[in-house]
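Fit chain B to the given chain A structure using the hints.
First to last, the protein sequences are chains A and B.
Each residue of the first sequence is one higher than the one before, counting from 1 in this note's numbering.
Each residue of the second sequence is one higher than the one before, counting from 1001 in this note's numbering.
Check before you lean on any hint, since a few could be wrong.
[What the hints assert, rightly or not] Result set (SDA-like, lysine to any residue): computed pairs, CA atoms no more than 25 Å apart in a straight line:
#, chain 1, residue 1, chain 2, residue 2
1, A, LYS179, A, GLY191
2, A, LYS372, B, VAL1218
3, B, LYS1215, A, SER396
4, A, LYS340, B, VAL1218
5, A, LYS372, B, GLN1233
6, A, LYS372, B, ARG1238
7, A, LYS179, A, ALA131
8, A, LYS378, A, ASP358
9, A, LYS179, A, LEU496
10, B, LYS1215, A, SER364
11, A, LYS340, B, GLN1233
12, A, LYS188, A, ILE89
13, B, LYS1292, A, GLU337
14, B, LYS1215, A, ASP358
15, B, LYS1230, A, VAL319
16, A, LYS378, B, VAL1218
17, A, LYS188, A, ASP216
18, A, LYS340, B, ARG1238
19, B, LYS1292, B, MET1276
20, B, LYS1230, A, ASP267
21, B, LYS1230, A, ARG361
22, A, LYS417, B, ARG1238
23, B, LYS1230, A, SER305
24, A, LYS76, A, SER12
25, A, LYS378, A, GLY401
26, A, LYS188, A, GLN125
27, A, LYS249, A, ASP482
28, A, LYS188, A, GLY66
29, B, LYS1230, A, ALA308
30, A, LYS311, B, MET1276
31, B, LYS1215, A, SER261
32, B, LYS1230, A, ALA363
Please keep in mind that the hints were generated in silico from the structure rather than gathered at the bench.
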Amino acid sequence: MPPLALEVRNVSKSFGPVRALDGVSFSLRKGEMHALMGENGAGKSTLMNIIDGILRPDSGEILVGGRPVEIASPQKAHELGIGLVHQEIALCPDISVAENISMAATNSRRAWLMDYRELRRRADQILASLAEIDPQALVGDLSISEQQIVEIAKALALDCSILILDEPTAALTEREAGKLFAIIAQLKARGISIIYISHRMAEVFAHCDRISVLRDGRYICTEEVAATTQEEIVRRMVGRHLGDIYPAKNPASVDAPILMSVSHLQDGDRVRDVSFDLRRGEVLGIAGLIGAGRTEIALGICGLSRLAAGKVVFEGQEVTPRSYAESIANGIVYLSEDRKGAGVFVDLPIAMNVSALDIDRVASAGFVSRAKEQAQAKNLADQLRLKRGSLDDAASTLSGGNQQKVALAKLLSVCPKAIILDEPTRGVDIGAKAEIHRILRELASGGTGIVTISSELPELIGLCDRVLVVHEGRIAGEVSGDDLNEETIMRLASGLAIEGQEAR
Amino acid sequence: MSVASGLDEELRPTAVRETTSGGWRSIASMREFGLVLIILALCVVMSFASPYFLSWGNFRAMLMSFSIEGIVVVGMTVLLIVGAIDLSVGSVVCFAMVVAGTAFLAGIDPWTASLAGIVASALIGVAMASFVTAIGLHSFIVSLAFMVIVRGLCLAITDGRPLSLFSLPAGFKFIGQGTVPLDLRVLGFPQVYDVPVVILIFLAVVVVFDLLLRKATVFRKVFYTGSNEKAAQYSGIRTNRVKFFCIVLCSGLSGVAGVLYMARFGAAPPTFGVGMELNIIAAAVIGGASLKGGSGTILGAILGIALLSVVSSSLTLLDVPPVWQDVIRGVILLAAVTIDHLLHTRKRARGAVRAG
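Bound conformation, chain A alone (with noise of 0.2 Å):
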């Protein structure tokens, strides 16, 4: 067996209350391509950031070539030879590729001046072995996958022998893609070990070597791919009962009338010719892998975002909006899944936030009724059970459950017909997680129609009547009954579905 280039033993991590990561054992083989999978929150990022020496673990230990070591920092952690692409590209775009690839060791340098000499004979020896990029190009001036390349470049540059890529292909083409793998395939070959995270099951299985799984934050396996089968996979990520804390469903709605009908909807962008409906009674589901265009559907049918084709009838109606203020007009609302920076005004009151979507209904004669103002936000509070000082608190006062509750209030004080939200309940906590459910199921039944985005799959299980799954700006398909599993949602989700088709 070849020796180990990273062994992690039994580490945890908890953030307050939160256990994100429970004892996870992970073993690293020098020059293996090893795939990280699990589901959002179980607790992958944590365990990279830990050992990139972003955080800090609260027990267990870390052996790099054979010797414990402690990653106090990411400087630390590329002493060791430990290099970790982030998901998100964060390079300087307004300055050269050279000078990109050797922040890192420009920061860790001494020297009063810069050596752009030097700078440039590096830059041109770390990429000539990956691309044909020229390292006196702007970083901003590059495709995604160029960059995504430099990225790459960027740890080689600090000489490191464990490479971490986190979701590389997210952004990438399927021919961008190849050429990256092309690229991982030389530094294996150099002896370099690659830790792989992706959701992509097509290609962990045609270049990883090994795959291991998370779940919950804790270890659940780790397999030989040529020994286990891309179904193994997803059973191992999901596997697990649901309780009875999910309100129960509906399910006379599969039959009940058409509410809000959505059809060849799009932007021009990330969606691609989208059409649903939604039932009356029924809480429907949006499902997908982030970045997939589950957001951009919502944005487009509420007029947050300028729509290329497609329209939205309500009740027989034709309410496709040109702006947001029409939307909420024609009683569609829309809940953000970035609570802090859209869905609240934190500095603000609580009852101010309850009263933004439209003021009018608080005021006469065009000034605000500080009376009406307070018997609205008391109204909706009570309702949704906010626990809160004084209405005149601002939002910040509030804990994460609470301001979405808010913001939620916020919504419902116009009265919807439709409401779509997006992540509802992300970082939020259990209790307050069940409250919301149960908030959304008793709209459903009122007449409300409810549209859910969610990144939890358990949470699109347990709660909706019937989930659409969005791959790449398309509905990849619709599951309901007992297709609700997250077997098929991942499926699809995934590719893998569309995939099969074609190959047949």
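Just chain B now, kept in the frame of chain A:
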């Protein structure tokens, strides 16, 4: 408020005590209270240092000195709340004077000429707002450019010479120079006070805008936009329109101030108002407006400019050499903003503890 039938009976009100005196309100009033205290303390100290300080004459002079600027401060405060800034106000004040003065000298009656001056100023605002909203430039740099452009226009229109407007009719000059007797002897005041019309206009503007800013739905959108522009957009607010409105409002109020200055001085010097923007921004910030947007009150801003004015007056009465007065004014601005920042960060820290 029926959200969904069946929801109401399921979700009973929780037993949470509702307090009506709110955090946001009390924080704002606390800041204003602090400013009032500082101003009062200064007045007490000064009354010992100079017997003249507490005289009605000195008070009237102080009120006069900031009441016209105070109208611009109102506009600046609104602009800061929406998250923008306007460096061109000094030039625009001057522009209104110069346009109105030129129109008057061309034979137009002073009221129509004044209206023309105000409209011209508002149009400068429209131009700036277009660059900010349609092109997406930052208001800082746009207004910096317009500060220079408009000043240049003032000099070009007048050939660099002050316009002499002694021929303005008395009726018009009255708004800038006249006084109204205020007889409060029945309330125990010792004398009849001659209150300048300018001060009355200023007070009217303050009262109206304070009410509007706290209550009017239009100005609510200003707070939403300044607090979190994206969240405002995701609440259906057309934030560009709101910003446009605020920029034009600030320039328009600068125009009003310019016309009042013209009536008061009976002249229109093309170099008037150089550096005024700094005093105005300082006043608004001392009064609690944040450069990040989302917070600020008219009352606070007026107290801010009152404080600066009391300080100026005190420095003069104390015979502090004029060359040193700017240093002290600058130090006061820095101190006010520092204290405010420290208070705010501590408050936020406490908020976080409660949330956790």
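Going through the hints against the structure:
1. A:LYS179 with A:GLY191: holds, 19 Å
2. A:LYS372 with B:VAL1218: It holds: about 17 Å lies between the C-alpha atoms, which stays within 25 Å.
3. B:LYS1215 with A:SER396: holds, 23 Å
4. A:LYS340 with B:VAL1218: The given pair, whose Cα atoms are some 24 Å apart, holds under the 25 Å limit.
5. A:LYS372 with B:GLN1233: holds, 23 Å
6. A:LYS372 with B:ARG1238: Given that 25 Å is the threshold and the Cα spacing comes to 24 Å, the pair holds.
7. A:LYS179 with A:ALA131: holds, 9 Å
8. A:LYS378 with A:ASP358: Satisfied, since the Cα-Cα distance of roughly 16 Å is no more than 25 Å.
9. A:LYS179 with A:LEU496: Holds, at roughly 21 Å.
10. B:LYS1215 with A:SER364: holds, 10 Å
11. A:LYS340 with B:GLN1233: Holds, because 14 Å separates the two Cα atoms, which is no more than 25 Å.
12. A:LYS188 with A:ILE89: Satisfied, since the Cα-Cα distance of roughly 22 Å is no more than 25 Å.
13. B:LYS1292 with A:GLU337: holds, 24 Å
14. B:LYS1215 with A:ASP358: holds, 15 Å
15. B:LYS1230 with A:VAL319: holds, 23 Å
16. A:LYS378 with B:VAL1218: Holds, because 23 Å separates the two Cα atoms, which is no more than 25 Å.
17. A:LYS188 with A:ASP216: The given pair, whose Cα atoms are some 30 Å apart, is violated under the 25 Å limit.
18. A:LYS340 with B:ARG1238: Given pair LYS340 (chain A), ARG1238 (chain B) holds - Cα atoms ~19 Å apart, limit 25 Å.
19. B:LYS1292 with B:MET1276: holds, 21 Å
20. B:LYS1230 with A:ASP267: Holds - the C-alpha atoms of ASP267 (chain A) and LYS1230 (chain B) are around 20 Å apart, at most 25 Å.
21. B:LYS1230 with A:ARG361: holds, 22 Å
22. A:LYS417 with B:ARG1238: It holds: about 22 Å lies between the C-alpha atoms, which stays within 25 Å.
23. B:LYS1230 with A:SER305: OK: LYS1230 (chain B) and SER305 (chain A) at ~13 Å, within 25 Å.
24. A:LYS76 with A:SER12: Since the Cα atoms of LYS76 (chain A) and SER12 (chain A) sit roughly 20 Å apart, the hinted pair holds (cutoff 25 Å).
25. A:LYS378 with A:GLY401: Given that 25 Å is the threshold and the Cα spacing comes to 17 Å, the pair holds.
26. A:LYS188 with A:GLN125: holds, 18 Å
27. A:LYS249 with A:ASP482: holds, 13 Å
28. A:LYS188 with A:GLY66: holds, 20 Å
29. B:LYS1230 with A:ALA308: holds, 22 Å
30. A:LYS311 with B:MET1276: Violated, at about 53 Å.
31. B:LYS1215 with A:SER261: The hint is violated at about 39 Å.
32. B:LYS1230 with A:ALA363: Satisfied, since the Cα-Cα distance of roughly 23 Å is no more than 25 Å.
In terms of the numbered hints stated before, the structure departs from hints 17, 30, 31, listed from lowest to highest.
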